[in-house]
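Student: Note that the protein sequences, when read in sequence, are chains G and B.
The opening residue of the first sequence carries number 1 in the working numbering; numbering runs sequentially from there.
The opening residue of the second sequence carries number 1001 in the working numbering; numbering runs sequentially from there.
No lab work stands behind these hints, which were simulated from the structure alone.
Keep in mind it's a predicted model, so treat the numbers as computed, not measured.
Among these hints, one or two may not hold up.
[Said to hold, decoys possible] Here are some, though not all, of the chain B residues that point toward chain G, as calculated from beta-carbon distances under 10 Å:
hint	residue
1	1013
2	1016
3	1079
4	1083
5	1122
For each residue, glycine too, the CB sits at the ideal point set by N, CA and C.
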Amino acid sequence: MSLLARWMGKHSFPQGIHVPEYKEATEDSKIRRLAFPPEMFVPLSQHTGAPAKPIVHEKQEVVRGEPIAEADGFMSVPMHAPATGVVEQIELARDARGLMSPAIYIRPYPSSSQEVLYGHDIDIDLLSREELIQAVQATGVVGLGGAAFPTHVKLSVPEGKNCDTVIANGCECEPYLTTDHRVMVEYPKAVFKGLEIVMKAMGAKEGIVGIEDNKPEAIKALEANVPEGKNIRVGVCETKYPQGAEKMLIKSLLDREVPSGGLPIDCGVGVFNVATLAQIGELLPRGQGLVERVITVTGPGVTKPGNYIAPLGTPLRYVLDFCGYRGDEVSQVILGGPMMGASASSLEMPIVKGITGILVLTKAGLPTINDDSALPCIKCGTCVHSCPMVLNPSQLGLLAQYTEYEAMAEQHNLMDCFECGCCTYVCPSGIPLVQYFRIAKSIVRQRKAEAKKQ
Amino acid sequence: MTVIQYPMQEPAMELRSSPHIKSSLTVETIMFNVVLALLPVCAFAVFAFGTSAVLLLITSTAACVIAEDAICRISGKPTTIGNWSAVITGLLLGLTLPPTFPLWMTALGGVVAIGLGKVLFGGLGFNVFNPALVGRAFLQAAFPAAMTTWAPAFGADRFVSLFPSTLAFPFSTPSEIGEYVEALGVDAFTGATPLMLMKSDIGSEAFQAITYGDLLLGRIAGSTGETCAALILLGGIYLIARRMMDWRITAAIFGTVFILSGAFWLVDSGQYPSPLFMLLSGGLALGAVYMATDMVSSPTTPLGAWIFGAMIGVLVVIIRLKGGLPEAVMYAILLGNAATPIINYFTQPRIYGARKKEATS
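Here chain G stands alone, though its shape is the one from the complex (with noise of 0.2 Å):
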């Protein structure tokens, strides 16, 4: 099928699956905004890297978009206050795993407005690359494709790397989710403001918006922003999941290959979520730091669906309450998109920088996994054509079962898997192939530590 789209003058990559889309019900609803919930709380590790640092204390006086926390060295960003209000203590709150971190509580006030006066502008020709790393940490961005890494650090090319191209990726291959597809239709001049800026502060000659062809309305508004003079295109991919991993994306734009344990860096190339780029393109001019995010609500448990800017620190369940809410139907909500989304194990916790979307799913609902009626493998080789790291699924799956897990990760490449779950959604013996996978790689992880540490 690759092939077919790459004759078609399509990007595409080996391999992968198609999955229903299920983009009908959000696609075409414009962004709108939520209010400010009476209580919020935003937890001070939103990201990967070391938790911020909060410099408020309880009872303080905060200004929307003023910093609250600030960041706790390089691996780290800071925080803003999502609504002008009161701090009203820094404790516990529940995090997307169940687990409590450290929060710091805000009651906004009533009257609290959600235009962000606090920053000064930042004149971007003026800036180094360095001062422009700073910039952009300064304004707590992280990847908003769901993985939260801080932007800053991708940023930083490595003494001996050089990065020619910097992808913008707009393909949002997850089912469900039409998040970066409204950012695109929205604000296609914000995300090529970020490109610019990302490109500027890696040194790269290229820039290209990957999206794929689901999304003809982002591609025309795309197309008819993109700017002048700056070697920056659209390129269209096939509509296939996992179209949107960097690796797969680099692959189908480029046709490189990111080295197996490497970075895209290493293949001379950065990867930026479009709704990424976005905030960048939106607050780093005006020296503002991230309060809010957009986010697609959708699913068969909520009666309004749509997508929303919601404010950082507002408890999912204020959002899912203004969505319509099916309370009692509810059999799960999933933070972001169903092939590799997390489930949510309480509504108390807020919306946090990672979350793209929020799925709710039913009781009688999609055919999910269920690991007690799994067959044994008929070595169909289904997962082995569906894997876009073109390992052996089905292979790896019987050592899982015989606990083999160094001679998984010697001799069957299973560090290389990043668990995208085609695998496990395509196996007819409904075997959870990358369920396995997930707990074999956490264990020779964990292994290799304890044996270093000796």
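Assemble chain B onto chain G, guided by the hints.
Tutor: The following block gives chain B in isolation, referenced to the frame of chain G:
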């Protein structure tokens, strides 16, 4: 001071790890569709060979299903007959047997196919060889005479009578088919399969009289379900269209047989049959479409599928043209099954981003 104003009432939330959705294709669906694809072939077998074929297919299928169910019960495991795989084994076994085959031998073959070919290895997914072919190989070794007793298709009274050997009493020698064939008033040799004719005398009139139309449409003698190549290929096309079959294996077998036997034919067309005859005769179509493609016993890698198919093709041509047996598909596929693990081992695809140094290790 408590600050959370939202009531802490928590309905039971399911916690799962991703992916949260799943393709609707299941083992049961695949197996059921293979059975569906086999039904026209079975229908033609009944049309060509009459009541005996009905009894033969029912017996082989029932033997396989009952054997699987019984073994599951004896070993205290939930029964696995619901996944249709035993039905496929039974149908395929029946289709590869001569239409005159005694029912008691058929039942025995079914039990061996499931017991020795499948359950002994651990059941569905663990068998090394195609179970139907294990059953057939056993029957070939145990009852060589009955396995090569052929009857002509389209006998006038096929729907009202049985072949005399069909109801042979267990452990007795089946009655001779010769008298029955003579009674039909046809040349006894019409009962011979095209491959036997080819083997005994390729220049004979009887062999030269066989047209490709006869082979395609099943106007020949042969195993119960192997005579009508057109319907077999049709079923294969259905399964390929529904992506329930690895087309590479079938393509590799047909391609190799065509090219290799074509080479023999070009060298000496008086001594060797045409490549098209090779493709359409005997059990090749049924074997290449339904048996070599058995998922469990064939390679999982795309390159492995090509190698596996090519190997079977080469073996078929060599055994048919140079060996002592007229038919070779069964042995070729069983040998291919045996080679599957090693083919898999050596054909692991290059992973995304593989480093050159590691590629050799």
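Student: All hints, please: hold or fail.
Tutor: Each hint tested on the structure:
| no. | hint | in the structure |
| --- | --- | --- |
| 1 | 1013 | 6 Å, holds |
| 2 | 1016 | 5 Å, holds |
| 3 | 1079 | 13 Å, violated |
| 4 | 1083 | 7 Å, holds |
| 5 | 1122 | 8 Å, holds |
Violation of the numbered hints given earlier is confined to hint 3; every other hint is satisfied by the structure.
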